[in-house]
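Trainee: Quick note, the sequences are listed as chains A and B, same order. To convert a position in the first sequence, counted from 1, into my numbering, add 2. To convert a position in the second sequence, counted from 1, into my numbering, add 2.
If a hint is listed, it holds; no wrong ones were tucked in.
Partial selection, computed: residues in chain A whose CB lies under 7 Å from chain B:
| no. | residue |
| --- | --- |
| 1 | Asp75 |
| 2 | Gly76 |
| 3 | Lys79 |
| 4 | Ala106 |
| 5 | Ser107 |
| 6 | Val123 |
| 7 | Val126 |
| 8 | Gly132 |
| 9 | Pro135 |
Simulated crosslink set (EDC-like; lysine to aspartate or glutamate; CA at most 20 Å straight-line):
| no. | chain 1 | residue 1 | chain 2 | residue 2 |
| --- | --- | --- | --- | --- |
| 10 | B | Lys79 | B | Glu125 |
| 11 | A | Lys79 | A | Glu68 |
| 12 | B | Lys79 | B | Asp29 |
| 13 | A | Lys79 | A | Glu39 |
| 14 | B | Lys79 | B | Glu39 |
| 15 | B | Lys79 | A | Glu71 |
| 16 | A | Lys79 | B | Glu71 |
| 17 | A | Lys79 | A | Asp38 |
| 18 | B | Lys79 | A | Asp75 |
| 19 | A | Lys79 | B | Asp75 |
| 20 | B | Lys79 | B | Glu68 |
| 21 | A | Lys79 | A | Asp102 |
Okay, the calculated beta carbon distance ranges per label pair:
| no. | chain 1 | residue 1 | chain 2 | residue 2 | range |
| --- | --- | --- | --- | --- | --- |
| 22 | B | Asn136 | A | Arg16 | 36 to 46 Å |
| 23 | A | Pro49 | B | Asp102 | 41 to 51 Å |
| 24 | B | Gly14 | A | Phe119 | 34 to 44 Å |
| 25 | A | Arg47 | B | Glu46 | 47 to 57 Å |
| 26 | A | Pro49 | B | Ala54 | 35 to 45 Å |
| 27 | B | Gly98 | A | His87 | 23 to 33 Å |
In case anyone wonders, no lab produced these hints; they're calculated from the structure. On a predicted model such as this, the values are computed, not experimentally measured, just so you know. Here a beta-carbon is modelled for each residue, glycine too, at the ideal position from N, C-alpha and C.
There are 2 protein chains.
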Amino acid sequence: MSDLLERLRGRGWRLTAQRRVVAEVLDGDHVHYTADEVHARATERLPEISRATVYNTLGELVSLGEVLEVSTDGRAKRYDPNAHHDHHHLICSQCGTIRDVHIASDPMAALPEPERFGFAVSEVSVTYRGVCPNCASA
Amino acid sequence: MSDLLERLRGRGWRLTAQRRVVAEVLDGDHVHYTADEVHARATERLPEISRATVYNTLGELVSLGEVLEVSTDGRAKRYDPNAHHDHHHLICSQCGTIRDVHIASDPMAALPEPERFGFAVSEVSVTYRGVCPNCASA
DNA sequence: TCTTGACTTGGACTTTGTCCAATGTAGGAT
DNA sequence: ATCCTACATTGGACAAAGTCCAAGTCAAGA
Ligand SMILES: [Mn+2]
Ligand SMILES: [Mn+2]
Ligand SMILES: [Zn+2]
Ligand SMILES: [Zn+2]
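Work out the full structure: start from the sequences and follow the hints.
Mentor: Okay, here's the thing in structure tokens:
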């Protein structure tokens with residue numbers, strides 16, 4: 003994600019300290035933070051960053067396709083910087099941990115034409131749930 | 003769902019007017035209402051039913067496995083009385099309409115052992131998104 | 001260095017949902 | 001048929017997650 007800021011500048015973004023910090027927090031793929039978690043971690047680096055700015059920046063990153071929104075349960079959305087490699091999610095039903103997973107067949111191909119009801123289907127996500135090893139042993 | 007009330011009585015439920023009305027609203031499969039939509043429809047039949055009771059009853063029905071919770075976007079959860087036939091969902095990304103769909107292959111089989119990371123995987127849901135015919139023509 | 005439109009901020013507000021003490025009632029007991 | 005009481009309902013306070021806005025700040029081009 004080091005070149006993310008470059009791409010964003012290319013799109014006319016002003017490079018503010020706040021945006022830089024949000025990008026840094028999301029850097030190092032494989033995280034799935036809530037907005038509040040992003041805010042907490044951003045605050046460690048830039049104490050006065052506001053919640054509103056974190057929400058604004060996350061929303062912009064999602065619009066640009068640089069970050070994915072993951073709605074797991076009915077709780078807070080999670081933000082996923084791993085937007086450039088197709089993947090799905092495996093979620094622990096007890097502790098909420100999320101892992102990226104890669105699956106063996108294309109789920110888009112599994113939806114027969116008559117089951118599409120005239121929709122222009124453009125996206126599919128597969129969510130697996132179960133108990134993680136950590137929760138199982140406890 | 004006519005025998006739902008029988009099953010519930012068998013489980014020791016008191017058959018109150020409120021519970022009856024919530025069950026009636028969810029009757030006739032293929033609906034995916036939010037709690038507030040259930041409340042609005044329940045109010046037409048029983049004007050003084052409270053929001054708290056609708057939430058309580060929906061929660062109980064979910065615990066009993068009679069109704070499924072569907073978390074689509076980050077908005078209100080939807081309640082799905084079609085709990086006894088496996089199915090997945092196709093959602094219009096513009097208007098939010100939900101359709102039940104049946105898929106051709108088993109998505110559980112698509113997750114290879116090494117991608118399970120020691121989880122005891124018990125559940126999988128597939129969500130398709132696209133533009134419905136109605137929204138496409140508008 | 002100056003200027004200005006874009007960005008940030010704190011707080012009010014909204015939506016969705018939970019919790020609780022007070023009140024009501026379904027259904028078994030008499 | 002009536003009584004009893006444990007369970008259910010209610011309204012309103014509260015909480016979590018997110019949006020919106022007017023006022024102040026600042027990145028970056030001139
Ligand atoms: Mn992910
Ligand atoms: Mn359904
Ligand atoms: Zn776990
Ligand atoms: Zn639509």
